[in-house]
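Peer 1: Residues per chain are reported as follows:
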Amino acid sequence: MDDLYRDNILDHYHHPRHFGTLPAPTVRFEDNNPFCGDVISMELGIKKNAQQEAYIDEIAFQGKGCAISLASASLLTEHVQGKTIREVAAFTPQEVLDLLSVPLTPTRMKCALLSLEVLHKTIAHASSHPLAEASRDAV
Amino acid sequence: MLPTRNDGMTTHLNLQNDFPILQRQINGKRLVYLDSTASSLKPQAVIDAVSAYYSQYSANIFRGIYTISEEATQAYEAARATVAGFIHASQVKEIIFVRNATEAMNLVAATWGRQTIRKNDEIITGVMEHHANIVPWQLLAQEKGAKLLFADLTTSAGEEQLYQLISSRTKLVAITHISNVLGIINPIARMVAEIKKRNPACSVLVDGAQSVPHQPVDVQSLGCDFLAFSGHKMLGPTGIGVLWGKYSLLESMPPYQTGGEMIRHVSLEKTTFQDPPHRFEAGTPHIAGAIGLAAAVEYLQSVGMDTVRNHEKELVRYAFAALGNIPGLQIYGPDDPETRAGVIAFTVDTIHPHDLAQILDRDNICIRSGSHCAMPLHTHLGVTATARASFYIYTTTEDIDELVAGIKKAGKILKG
Chain A
1 MDDLYRDNIL
11 DHYHHPRHFG
21 TLPAPTVRFE
31 DNNPFCGDVI
41 SMELGIKKNA
51 QQEAYIDEIA
61 FQGKGCAISL
71 ASASLLTEHV
81 QGKTIREVAA
91 FTPQEVLDLL
101 SVPLTPTRMK
111 CALLSLEVLH
121 KTIAHASSHP
131 LAEASRDAV
Chain B
1 MLPTRNDGMT
11 THLNLQNDFP
21 ILQRQINGKR
31 LVYLDSTASS
41 LKPQAVIDAV
51 SAYYSQYSAN
61 IFRGIYTISE
71 EATQAYEAAR
81 ATVAGFIHAS
91 QVKEIIFVRN
101 ATEAMNLVAA
111 TWGRQTIRKN
121 DEIITGVMEH
131 HANIVPWQLL
141 AQEKGAKLLF
151 ADLTTSAGEE
161 QLYQLISSRT
171 KLVAITHISN
181 VLGIINPIAR
191 MVAEIKKRNP
201 ACSVLVDGAQ
211 SVPHQPVDVQ
221 SLGCDFLAFS
231 GHKMLGPTGI
241 GVLWGKYSLL
251 ESMPPYQTGG
261 EMIRHVSLEK
271 TTFQDPPHRF
281 EAGTPHIAGA
291 IGLAAAVEYL
301 QSVGMDTVRN
311 HEKELVRYAF
321 AALGNIPGLQ
331 IYGPDDPETR
341 AGVIAFTVDT
351 IHPHDLAQIL
361 DRDNICIRSG
371 SHCAMPLHTH
381 LGVTATARAS
391 FYIYTTTEDI
401 DELVAGIKKA
411 GKILKG
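One line per chain: the protein sequences are A and B, in this order. Its first residue numbered 1, the first sequence is counted upward by one per residue in the working numbering. Its first residue numbered 1, the second sequence is counted upward by one per residue in the working numbering.
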């Protein structure tokens with residue numbers, strides 16, 4: 001288990017990418033892990049690309065949690081920025097675990113996958129609860 | 001005579017050799033088990049008692065006339081008597097074997113509760129209770145249109161607040177004897193007396209999951225109406241627990257689960273039921289579990305429950321001193337180690353309990369992290385999760401030294 005807290009994870013934990021809020025998010029969603037109270041919220045700025053596909057132009061997250069859940073959120077948001085909604089909606093738990101690439105027990109997997117769950121729910125939330133004017137065309 | 005260690009302890013329990021699991025090494029390191037509040041380790045005597053049932057007389061009880069069935073029946077009912085003696089029940093038939101404390105509380109809610117609670121009645125529980133002593137009452141109150149009130153016994157001011165909540169409509173107060181997070185020991189005898197003074201018709205259920213294993217418990221002195229506890233938390237097997245209840249209450253309660261063993265006579269038209277306790281023990285019980293629990297009780301009696309309590313008190317004192325030296329570490333619950341049970345929930349600045357528990361695991365130090373089945377309490381304390389270390393008769397000051405070293409190591413790794 002010495003690999004679990006290696007530099008990569010600790011770097012993302014102490015200096016999480018995309019941590020904060022967006023000035024004009026398209027959608028916002030929050031969820032928690034009831035087993036430990038870890039909470040993650042995500043904001044997306046969704047725009048249309050040249051092919052008229054909706055994609056994640058901007059992304060930000062906030063949250064309280066363990067090193068694994070926050071590092072995972074940081075790695076995930078870094079990975080999905082610029083990708084289309086369709087691609088991100090299809091992102092699997094295994095792909096998140098590959099991003100982390102550390103051995104995880106079943107209990108800690110819940111920590112690692114919380115951010116993906118929140119991201120997917122945020123995307124689902126976008127079509128029915130748009131925050132910004134632009135979103136109705138974007139999504 | 002074993003040499004005494006220079007650790008300031010006077011009880012000097014040296015029982016580690018009685019617990020085979022403590023021989024186990026993981027990655028060349030010994031097990032430092034600090035999660036007895038979740039479940040306790042098992043002495044060889046309990047393992048032997050369970051194995052003996054399965055290897056020598058594993059028959060069903062009550063039915064058979066043949067020898068091993070009689071042996072099993074005798075052992076099972078003798079176990080009931082042993083448990084009754086342990087908590088000073090006035091009658092053996094006040095002991096009902098269930099799966100665990102959770103089932104005991106569910107049994108009361110489903111039988112006594114459904115029968116007794118009416119619309120606009122009041123039930124009182126507490127903000128620091130384990131979910132097993134909250135959720136059954138929530139659902140019962142919802143089902144019956146009754147009101148569920150919460151006492152806050154996390155501070156000394158709470159006792160008076162509890163009494164203020166008692167009204168003529170209060171039918172049940174359901175409180176814990178010892179908090180599995182804060183280590184608070186509620187003065188049950190005094191509370192029951194005061195509650196019944198204010199409303200003699202109010203019943204009191206006590207969650208004894210953390211008290212029966214760790215200190216002397218006498219239901220006659222406590223004066224409560226129901227007591228719930230789990231075998232696996234007191235050196236016994238998993239899957240066995242006890243509901244104790246005053247016989248007059250049990251007699252009036254309808255069955256819980258129905259079927260075999262708990263009936264007197266069954267016809268197509270109607271069925272008559274056994275008296276307590278068998279009325280509440282449907283189907284083949286955890287025979288091995290009850291026998292194992294009796295062995296656990298006997299083991300504890302040989303140590304002496306006052307000794308158990310004193311041992312843990314000294315460990316808490318030792319732990320408070322050791323943990324107090326770690327900057328950024330906050331302990332929850334009473335400041336005075338003399339008044340606390342051997343369970344310490346704590347947080348360390350900027351280190352999430354999950355990460356702490358994970359790093360401690362590298363050195364085989366077992367602590368728990370999360371909400372410990374007490375989410376309302378954590379909300380009340382304003383934290384999302386805590387780490388928890390807990391002690392029992394096999395815990396040593398060396399275990400606590402390892403914990404402290406581990407926390408310091410985690411700090412170095414995680415704080416960057």
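Bear in mind the hints are in silico, worked out from the structure with no lab data behind them. Honestly, I wouldn't trust all of these hints.
[To be verified] Okay, the calculated bits of chain A under chain B, using three or more residues with CB under 8 Å as the criterion:
1) 65-78
2) 117-124
[Said to hold, decoys possible] Computed list of lysine to any residue pairs in SDA-like fashion (alpha-carbon distance at most 25 Å, straight line):
3) A:64 - B:144
4) B:144 - B:201
5) B:408 - A:14
6) A:110 - B:144
7) B:408 - A:97
8) B:412 - A:51
9) B:415 - A:11
10) B:409 - A:91
11) B:415 - A:97
12) B:415 - A:120
13) A:64 - B:380
14) B:415 - A:58
15) A:110 - B:201
Using N, Cα and C, we set each Cβ at its ideal position, and we do this for glycine too.
Peer 1: For the pair we were handed, residue 110 of chain A and residue 144 of chain B, check the Cα-Cα distance against 25 Å.
Peer 2: Since the Cα atoms of residue 110 of chain A and residue 144 of chain B sit roughly 37 Å apart, the hinted pair is violated (cutoff 25 Å).
Peer 1: Holds or violated: residue 415 of chain B with residue 58 of chain A, Cα cutoff 25 Å?
Peer 2: 29 Å, violated
Peer 1: Please verify whether residue 415 of chain B and residue 97 of chain A have alpha carbons no more than 25 Å apart.
Peer 2: Between residue 415 of chain B and residue 97 of chain A the Cα gap is close to 23 Å, so the pair holds against 25 Å.
Peer 1: With the threshold set at 25 Å, check whether the alpha-carbon distance from residue 415 of chain B to residue 11 of chain A stays at or below it.
Peer 2: 11 Å, holds
Peer 1: Are the Cα positions of residue 110 of chain A and residue 201 of chain B separated by 25 Å at most?
Peer 2: Violated. Residue 110 of chain A to residue 201 of chain B sits at ~47 Å, over the 25 Å cutoff.
Peer 1: Using C-beta distances, would you say chain B covers the segment 117-124 of chain A, given that this needs three or more residues below 8 Å?
Peer 2: Not satisfied, violated; 0 residues make the cut.
Peer 1: Check whether the Cα positions of residue 64 of chain A and residue 144 of chain B lie no farther apart than 25 Å.
Peer 2: 38 Å, violated
Peer 1: Sort out whether residue 201 of chain B lies within 25 Å of residue 144 of chain B, counting only the CA atoms.
Peer 2: Judged against 25 Å, a Cα distance of about 19 Å means the pair holds.
Peer 1: According to a criterion of three or more residues whose C-beta lies within less than 8 Å of a C-beta of chain B, is the segment 65-78 of chain A covered?
Peer 2: Check passed, 4 qualifying residues.
Peer 1: Within 25 Å, alpha carbon to alpha carbon, are residue 415 of chain B and residue 120 of chain A?
Peer 2: 31 Å, violated
Peer 1: With the threshold set at 25 Å, check whether the alpha-carbon distance from residue 64 of chain A to residue 380 of chain B stays at or below it.
Peer 2: Holds: residue 64 of chain A and residue 380 of chain B sit about 17 Å apart, inside 25 Å.
Peer 1: Given the proposed pairing of residue 408 of chain B with residue 97 of chain A, does the C-alpha separation stay at or below 25 Å?
Peer 2: 29 Å, violated
Checked against the numbered hints given earlier, this structure breaks hints 2, 3, 6, 7, 8, 10, 12, 14 and 15; the rest are met.
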